[in-house]
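**Student:** Chain by chain, the residues:
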Amino acid sequence: MTARGASSPLRRLDGSPPARPAPGKAGLRPIPQAWARFRKNRPALAGLVLVAALTAFAIAGPRIARWDPDASDFTLLRTPLGAPPGPSAAHWLGVDPLFRDVFARLAAGARVSLAVGVAATAIATGLGAAIGVIAGMSEGTRTGALDVLAMRLVDVFLALPPLLFVTAVGVAVGRTDAGTVLLILGATGWMSTARLVRARTLQIRALDYVAAARALGAGSMRIVARHVLPNLGGTLVVVAAASVAQMILGEAVLGYLAVGIPPPRATWGRMLHEAEPYFGNRVSLLAMPGFAILLAVLGWNRVGDGLRDALAGGRDGVQRPLARPRRLPLDVMLAGAAILLLALAAPNQVAAPLGPAPDREVPRRGGVLHVATFANPRTLDPALAFDEAANPLLGLVFARLVTWDGEGHVAPDLARSFTVSPDGRTYTFELRPRALFHDGTEVRAQDVQRSLERLLHPRTPSPASSMYATIKGYAAFHAGRADHLEGVRVLGDRLLAIDLDQPDATFLPKMTLGFASPVCASAGLAAEAHGEAKPCGAGPFRVDAWDPDKGVRLLRHEGYYAPGRPYLDGLEWSVNVPFTAQRYRFERGDLDYVTELSGADRDLYLASAAWSRLGRWTVHAQTNAIFLNTEVAPFDRREIRRAVAFAVDPAAAARMRADVIDADRVIPPTLPGPARTEPMRRHDLAAALAAMARAGYPFDPATGRGGWPAPIDYLTVPDTGDQQYAEIWQQQLARVGLRIRLRLVTFADFLAESQRRHTAAMGRSGWSADYPDPSDFFEPILSSAAIQDEGSDNVSFFSDAELDAVLARAHGEPDPGRRAALYLRAEEIVRDEAPWIPTHGTRTYELWQPYVHGYAPHPVLKQPFAGVWIDRGEAPDLRPPGAPR
Amino acid sequence: MRHVWARLMRRLAWGMIVVVGVATLSFVVAQILPGDPARMMLGPHASAADVARAREIYGLDRPLPVQYARYWARLLHRAPAPGNAPQERARHRSCAALGAGLHLDLGYSLLYRKPVLDLLAAKIPRSAELALGAVLVQLTLGIALGALASARPGTSWDDAVTGVSLLGISAPTFLVGLLLQYVIAYKWRLLPLDGYGTTGAEHLRSLVLPSLTLGVFGSALYARLLREELGSILAEDHVRTARAKGASPARVLVVHGLRNALVPVATVAALELGTLVGGAVVTERLFRWPGIGQMTVEALLNRDAPVIFGTVLFTSAAVVAATLLLDVAYVVLDPRLRR
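Quick note, the sequences are listed as chains H and Z, same order. Note that this note's numbering has the first sequence beginning at 205, numbered continuously upward. Note that this note's numbering has the second sequence beginning at 160, numbered continuously upward.
For the record, the hints were derived by calculation from the structure and aren't laboratory data. You may find that some hints are simply not true.
[What the hints assert, rightly or not] List time: in silico EDC-like cross-link candidates among lysine to aspartate or glutamate, alpha-carbon distance up to 20 Å:
1) Z:K273 with H:D751
2) Z:K346 with H:E791
3) H:K714 with H:D609
4) H:K754 with H:E690
5) H:K676 with H:D703
6) H:K714 with H:E611
7) Z:K273 with H:D591
8) H:K1066 with H:E592
9) H:K738 with H:E646
10) H:K754 with Z:E288
11) H:K1066 with H:D609
12) Z:K346 with H:D794
13) H:K754 with H:E800
14) H:K1066 with H:D863
15) H:K676 with H:E657
16) Z:K273 with H:E732
17) H:K738 with H:D753
18) Z:K273 with H:D753
19) H:K754 with Z:E361
20) H:K714 with H:E690
21) H:K738 with Z:D277
22) H:K754 with Z:D486
23) Z:K273 with H:E736
24) H:K754 with Z:D195
25) Z:K346 with H:E480
Please build the complete structure, drawing on both the sequences and the hints.
**Tutor:** Okay, here's the thing in structure tokens:
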């Protein structure tokens, strides 16, 4: 606070004697005098009242609240607009995305956030001030080395990537808590303060009267106490006030880097971040924690200013008038107004579709389809790419020998026909006569052979080589002992045979994968470990341009084997587009198709009558699960594993999120497999309690006594989805006496820890189909063969002789009926032994503009746009002029 | 003069030590963290055998000291004689010729399979533009607001500036960005939603919102710092003397006040520059700005050691340069420190 009350301060300062004495003439005031002065400072007192009120809220709030801040109210339903329910008599401020009471969480969060904000600020600012003063005082003196050391330390801490430091601390301490958070925030927040204080100390040291004091024999300590510190007060208060907010927010960011205070503990920062997806339809979820943080900052800032004025008799206005009767607290009002504006923002309705949909079902040629994804494909080399982002693009650029038809059966693609020998060991493919690569050359059997050898080449770092290990001669070729792959035989320009070592029912499905796509000769004999050949295949579109920061432009491949296809001139495929921006673009017509709307935006479209008939849900061939490590306590006990299986109720998750579907078995519903007449696993609390009792750890829900005595770590990643599910399972498992602690780690750590033997007791797991065959859902993750000491794909370390035998028989079984029966048995074994508890599947909502025709979600293939055309009918183009097209 | 040079040389030597030390530390820490780079390259579905093969192909199975030594050996090496076999040329695809027959080589990114130098060359200019834009926002807004508050202390202007800056200090970046994008780009259609455009004009227009988003916190902080600083400086003797000599209020504020008050602002601005260049992750993501912040995070999360080493080499050099400049700026801004 500077001098107040005069109409023009400059004039007043001109006319009156200096309101402030020269810097540093007095030291710190004694406490009683300071308090007397503070008491007269109304803004400061108001700040103190604010801080006291927040503290009181932190102490008493959780008692007033009628709900447990960490308990979801599973009786609620989402609003018609898809948001968590708003304020009601039961929940005063509404509930958060997990249906937990916002008021209770605000109060509980006050404890953590206020403590973290203030303590971390004290650590960082105190450390910075101490180092800065020491450095500043020693500069150029005998102890000058201290200054050099301190400043280089600043450089090192500034130069070190914070994420690296943070991850290293997280790994070093193992479990993170409030202490770790303070340590990290304090250790990463002191540098600017240190430099600032050092610069200031140098200035003060150079002042005449300080030099005079030194000449009079004042020691360094005395100079620091009487001259330096009092003059630093104002700067420190400003820095500290800014820091309080940053620390409260920083705590939540640490949570996302897997080193925060573990959920479900509420903090204001976490509440803010968890509400981010609801920016579109329930802004108040963001506004409430935001307002709380702002109040804390306002309060502390005013108290800080007051303290500085009260304590320092320094250069800053000793005789300055303090009382400001009848002045409006403009800062508070302004801040409040901004937050109010945010809180009252109406749900953001979606605009009507652009133009009517013409009803002509005659394909039209021409037009460009605009698509966007948030993910960015790392590579478009079919031998290397595995990621979800690349998958649909590879489908458009690279045709395979065989593909899937709309009913989920293997169908011809580049191969006009294919036959299997009676012993199931030889597959013969006859290629289409007029299929061309994008470079204009014809697709011949030799090219298929070359492409397969490229995939399995010893120098190709492919993630999928071993999938094709049943091809005869694989071992010798992959080890570099043979020049060619023995099992792949060219019988003519358009005739090819592939021999297998043993019958393999999954071979044809594997030939539908991008890995097995024929590629142009320019791709080379091996996929490059470094660099990338230009993607060149025989698919309906060719890659015209690829900018990793923008996206991919595809153009129609005129030499595509199907005459007249594809209809589109091309596709403009943008990458890195965040979900909210996808909605903005879709609404403007800059995107013609979306499937990555944020949950809130998607629900707005679902609620809109004009739009809902245009979109469609697509269920993923994917199962999410909880893995239970059968070699680690307590899950080496079968009954406790079964208790988990009975206790978990995915229906609760489905209630909160529209994109969740229950899973009662390993094989997802979209895959062929055993009939689904009976639910494989059901939620049964009584059975879970009985299983706990059988295991010797009975639990009494009424008293909360009993159960497994120690907390169990659940390993997962700090991702909005996985973390939410984990918090739901945590609540459900607590009801049967299993106290789960969430252990959030980054994905790399997650893989390393979960795949290491005797390490993680339980955690998230999941599998998505590489190809739609039940074998892909058992063998890679639940067979004994998949167990390794490090990098084990079988994260349950589940070994069951019967399951192994059943899977081996099913793998080669050609008869669909018998095969289904074998997989039914496999499902039963997994259900009864419960090493891997399937919890839920997911689905996404696909939505396209009315002028997009011929698109139908496919049971297996992702976003097959080859049959799509654009017909705007007679409707005028409603997009604003200049919109990119 | 010789004294000054000696000091500068000493600082540069220290800077080199810091850069090499920090880069080494990052390299080593990234390698000993749990998590397998080969697994991260091949994804969770790859079989253990395939992961082992990739580890071998990329030399990740070698002991850490060997990998580190190979890294340094490649970093600066002699260029091959011209007219060599294509195979030999291919080995130097990831190099940049420094002249004098020397090559600089940061190796290949494991994740993107591209020369790290190419990645950095594409991203650093973008990051620098964004950081520059943000600094411009911070200094303009921060100095304007700070000066406004100090010129009219105790008035409603002052209070309003305090309110606005506390709001700016407490607002999380993601929320600021979302709001700006929603109101200015989506509702009013004044500026592009995201991206960086193709022409120069588009490029500038695209830069506005991310710069504002990134600059809000700094603006607020600088306004507060400046007001605090100006408040005390304007009460000092030399300012009174200037007023007595008839200097106009504006001249007093700018010449006598601002110049001296800029020391703390310059300090924080210089130190935060590194954060702005390398740490603008949220802003880069929201506005699809292709800077190095996101790349660094991806590299760290995926244990992409060559990219980590490369970006840290660059950012630590930038930090060292910024602190060096800062020490020069002190002397320019505050003659009392000239000794």
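**Student:** For every hint, state whether the structure bears it out.
**Tutor:** These are the hints, each one checked on the structure:
1. Z:K273 with H:D751: 13 Å, holds
2. Z:K346 with H:E791: Holds: Z:K346 and H:E791 sit about 11 Å apart, inside 20 Å.
3. H:K714 with H:D609: 15 Å, holds
4. H:K754 with H:E690: 42 Å, violated
5. H:K676 with H:D703: Measuring from Cα to Cα gives roughly 6 Å; hence the hint holds.
6. H:K714 with H:E611: At roughly 17 Å apart (the allowed maximum being 20 Å), H:E611 and H:K714 satisfy the hint.
7. Z:K273 with H:D591: Between Z:K273 and H:D591 the Cα gap is close to 18 Å, so the pair holds against 20 Å.
8. H:K1066 with H:E592: 9 Å, holds
9. H:K738 with H:E646: Holds, at about 18 Å.
10. H:K754 with Z:E288: 18 Å, holds
11. H:K1066 with H:D609: Answer holds: H:K1066 to H:D609 is near 13 Å, not above 20 Å.
12. Z:K346 with H:D794: 15 Å, holds
13. H:K754 with H:E800: 17 Å, holds
14. H:K1066 with H:D863: 17 Å, holds
15. H:K676 with H:E657: 12 Å, holds
16. Z:K273 with H:E732: Cα-Cα ~11 Å, so holds.
17. H:K738 with H:D753: Satisfied, since the Cα-Cα distance of roughly 17 Å is no more than 20 Å.
18. Z:K273 with H:D753: 14 Å, holds
19. H:K754 with Z:E361: Status holds; Cα separation ~15 Å.
20. H:K714 with H:E690: 19 Å, holds
21. H:K738 with Z:D277: 17 Å, holds
22. H:K754 with Z:D486: 40 Å, violated
23. Z:K273 with H:E736: Roughly 8 Å separates the two Cα atoms, so the pair holds.
24. H:K754 with Z:D195: 29 Å, violated
25. Z:K346 with H:E480: 19 Å, holds
Taken one by one, the earlier hints fail for this structure at numbers 4, 22 and 24, listed in ascending order.
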